[in-house]
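Protein chains: 2
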Amino acid sequence: MDRLFLPTEGVDASLRGFARAHAGLVELHEDPTYLLARERHPDRRVGIVSGGGSGHEPMHAGFLGRGLLDAAVPGRVFASPHNRQVYEAGKAVAGPDGVLLVVKNYTGDRINFGIAAERLRADGVEVRRVLVDDDVATESEETGTGRRGTGATPVVEKLLGAAADSGLGLDELAHLGERVVAASRSLAVASRAQTRPADGGPAFELPDGELEYGVGIHGERAQRTVSYEGLEHLVPRMVSDVLDSLERAEATGDDVLLLTNGMGATTLLELYTVHDAAAGALEERGLRVAAQAVGTLVPGLDMAGFSLTVTRLRDDWLDLWRAPAVTPAFPAPTDIPAGTPTGSPAPVEATR
Amino acid sequence: MDRLFLPTEGVDASLRGFARAHAGLVELHEDPTYLLARERHPDRRVGIVSGGGSGHEPMHAGFLGRGLLDAAVPGRVFASPHNRQVYEAGKAVAGPDGVLLVVKNYTGDRINFGIAAERLRADGVEVRRVLVDDDVATESEETGTGRRGTGATPVVEKLLGAAADSGLGLDELAHLGERVVAASRSLAVASRAQTRPADGGPAFELPDGELEYGVGIHGERAQRTVSYEGLEHLVPRMVSDVLDSLERAEATGDDVLLLTNGMGATTLLELYTVHDAAAGALEERGLRVAAQAVGTLVPGLDMAGFSLTVTRLRDDWLDLWRAPAVTPAFPAPTDIPAGTPTGSPAPVEATR
Chain S
1 MDRLFLPTEG VDASLRGFAR AHAGLVELHE DPTYLLARER HPDRRVGIVS
51 GGGSGHEPMH AGFLGRGLLD AAVPGRVFAS PHNRQVYEAG KAVAGPDGVL
101 LVVKNYTGDR INFGIAAERL RADGVEVRRV LVDDDVATES EETGTGRRGT
151 GATPVVEKLL GAAADSGLGL DELAHLGERV VAASRSLAVA SRAQTRPADG
201 GPAFELPDGE LEYGVGIHGE RAQRTVSYEG LEHLVPRMVS DVLDSLERAE
251 ATGDDVLLLT NGMGATTLLE LYTVHDAAAG ALEERGLRVA AQAVGTLVPG
301 LDMAGFSLTV TRLRDDWLDL WRAPAVTPAF PAPTDIPAGT PTGSPAPVEA
351 TR
Chain P
1 MDRLFLPTEG VDASLRGFAR AHAGLVELHE DPTYLLARER HPDRRVGIVS
51 GGGSGHEPMH AGFLGRGLLD AAVPGRVFAS PHNRQVYEAG KAVAGPDGVL
101 LVVKNYTGDR INFGIAAERL RADGVEVRRV LVDDDVATES EETGTGRRGT
151 GATPVVEKLL GAAADSGLGL DELAHLGERV VAASRSLAVA SRAQTRPADG
201 GPAFELPDGE LEYGVGIHGE RAQRTVSYEG LEHLVPRMVS DVLDSLERAE
251 ATGDDVLLLT NGMGATTLLE LYTVHDAAAG ALEERGLRVA AQAVGTLVPG
301 LDMAGFSLTV TRLRDDWLDL WRAPAVTPAF PAPTDIPAGT PTGSPAPVEA
351 TR
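The listed protein sequences derive, respectively, from chains S and P. Here this note's numbering is used: the first residue of the first sequence is 1, the next is one more, and so on. Here this note's numbering is used: the first residue of the second sequence is 1, the next is one more, and so on.
What the hints contain is simulated information worked out from the structure, not anything from laboratory work. C-beta atoms are modelled at their ideal positions from N, C-alpha and C, and glycine is treated no differently. Mixed in with the good hints, there may be bad ones.
As the list claims (entries may be wrong) - Each pair of labels, with its calculated beta carbon distance range:
| # | chain 1 | residue 1 | chain 2 | residue 2 | range |
| --- | --- | --- | --- | --- | --- |
| 1 | P | Arg-285 | S | Arg-285 | 53 to 61 Å |
| 2 | P | Thr-225 | S | Glu-9 | 23 to 31 Å |
| 3 | P | Gly-124 | S | Thr-252 | 38 to 46 Å |
| 4 | S | Ala-122 | P | Thr-225 | 54 to 62 Å |
| 5 | P | Arg-314 | S | Glu-9 | 37 to 45 Å |
| 6 | S | Pro-32 | P | His-175 | 50 to 58 Å |
What the hints assert, rightly or not - Which bits of chain S does chain P cover? Going by a derived footprint, with three or more residues having C-beta under 8 Å, they are:
| # | region |
| --- | --- |
| 7 | 11 to 20 |
| 8 | 268 to 276 |
Start from the sequences, fold in the hints, and give me the full structure.
Written as structure tokens, this is what we have:
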């Protein structure tokens, strides 16, 4: 039994520690609980709000700051925030063009962000929602609720943040967000369940040598269990499933963004190994990895495993990805030399 | 049994993935294996080289780049690099004032970096070594080998990197490094052992509800096992042990740097909770947390647990900590508003 170092009463102490460690960038509001970025680009006309259950840090509060989110609304572990939190955060950051809500596709989040949107509209604030639903594992089996929102969320938030800084209006941002979501897919595997906060037991059991193929970020059981026979078999299969789903969505474009994300307990040593294999598999399919990030950005507590997210890039999305952001945790694009003009073609070395 | 996603043949694929993901900042050399920063400050007169066994990522390669390390030399998992790797890396980055080696206090690293230093000197390159030995858990019992080098390593490397950019010479840097080491202490606890790469088993067994108090970054067994009775008891005890050791070393100063470090499988949600408690415990002792960082910087593979590192700050060390660095993974100081002049007193808000 593995106890987490978490107080049973919730995540307040963690939020205080976060606000203390990054006091130059963020401020914590209590009752109701939400976090705000201290700065925003002067051209930004729309406040961007995201949030959801805790246990997926650094998402979302770690992405607060100039060039990214204006407000983040954390719930308790794996539980949606209350609509009052979202409403108050939206009021606090509404721009002249209103508020954009970035919502992962889970029932609780949809309901609470939806009520908050209605309340904001009742106050005269324009609101649009971007619903992130990228998880290939849930594409066919849960047709009622649709695909879950997982690893693509940081990508969607980054591109929207950069676009907001260029002065885009609310409808333009919402449209961009929908297009980025439609061009993004993720797939995750777990080799060990996360710890259940309540009693320290594993959230699910896995037979020895098996992986959950298509696991969710809360430990939702996968489509199937597969035998682990090495990354050289696993990763191309995952890449293939992700690309197939993008093909069904008619997302095209030879330049892709690849995010190799840790599920919580997976080391960087492993993630970079996975990343090299995934980038190679994409290149074998004739794609160019024009943008990339590696790290634990969307974990499910301390689950062992990883997810791959692919976004097929179009228009100015690569420039939006590379635009500067100042946040506690969003990874800087370091696959190209510093100072490379964002409008120019990427140097070839970044993808070799 | 939890298999790691690591190929049995070693860490080469991971290094390739790392070099690909951060190609704008680093380059990978093979045969022998080492990594170089692509840029260095024009005023830097000394090349700074660090390294050690793999499994502690992002240390050291993640700290390559302007303002920090010039070369990083990875061994296999938990094994010292070969002296030829260190020698070739040193040759590649030697400045007009020579090479500074930052070495964690382990026998294998001491030997291999020592041989490399002799070979460099035989080539006419000036070399000095800074030996990091901060782990309070090994202060008394292993008097033959001294304290292990653990969580203070990123702090030492950051301050030395910033100082090197100001044009300091080799002897001045070595002297600074020794003083920072003397003013830094760490202590780690584990709630679960890391996975043994060879067979997927746990590297050690822990009774239910117990912690290894004083564990090493390779899973070296602790001074003692303690019952976990909540962070409110554990963290002040750790802070007290760390401060007692600093007192024995006659390290003084009311401004401290606090690094709350994850051992691999510990979530940010937990680490920020720990950080809040640790900062509070330091403040209760009358100290000011003038600089801080939270994250998984020096893990031991996928061990669950955390370490606390305290450095008592003096002279211009706070400025050195806050000086800009451009690396794949070193955390930016975000506890103070961006643009705060580094020479001015820190705003009070950062430590409240």
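Hints, one by one, checked against the model:
1. At about 58 Å, the beta-carbon gap between Arg-285(P) and Arg-285(S) stays in the expected band of 53 to 61 Å.
2. Under the hint 23 to 31 Å, the C-beta atoms of Thr-225(P) and Glu-9(S), about 27 Å apart, fit the expected range.
3. For the hinted restraint 38 to 46 Å between Gly-124(P) and Thr-252(S), the CB-CB distance of approximately 58 Å leaves it violated.
4. Restraint check, Ala-122(S) to Thr-225(P): a C-beta distance of roughly 57 Å satisfies the suggested window 54 to 62 Å.
5. The beta-carbon spacing between Arg-314(P) and Glu-9(S), approximately 39 Å, falls within the hinted interval of 37 to 45 Å.
6. Taking the beta carbon of each, Pro-32(S) and His-175(P) are about 52 Å apart, inside 50 to 58 Å as hinted.
7. Counting residues of the region 11 to 20 of chain S whose C-beta lies closer than 8 Å to any C-beta of chain P gives 8; at least three are required, and the coverage claim holds.
8. Coverage of the region 268 to 276 of chain S by chain P holds in this model, with 9 residues showing a Cβ closer than 8 Å to a Cβ of that chain against a need of three.
Of the numbered hints listed earlier, the single one contradicted by the structure is hint 3.
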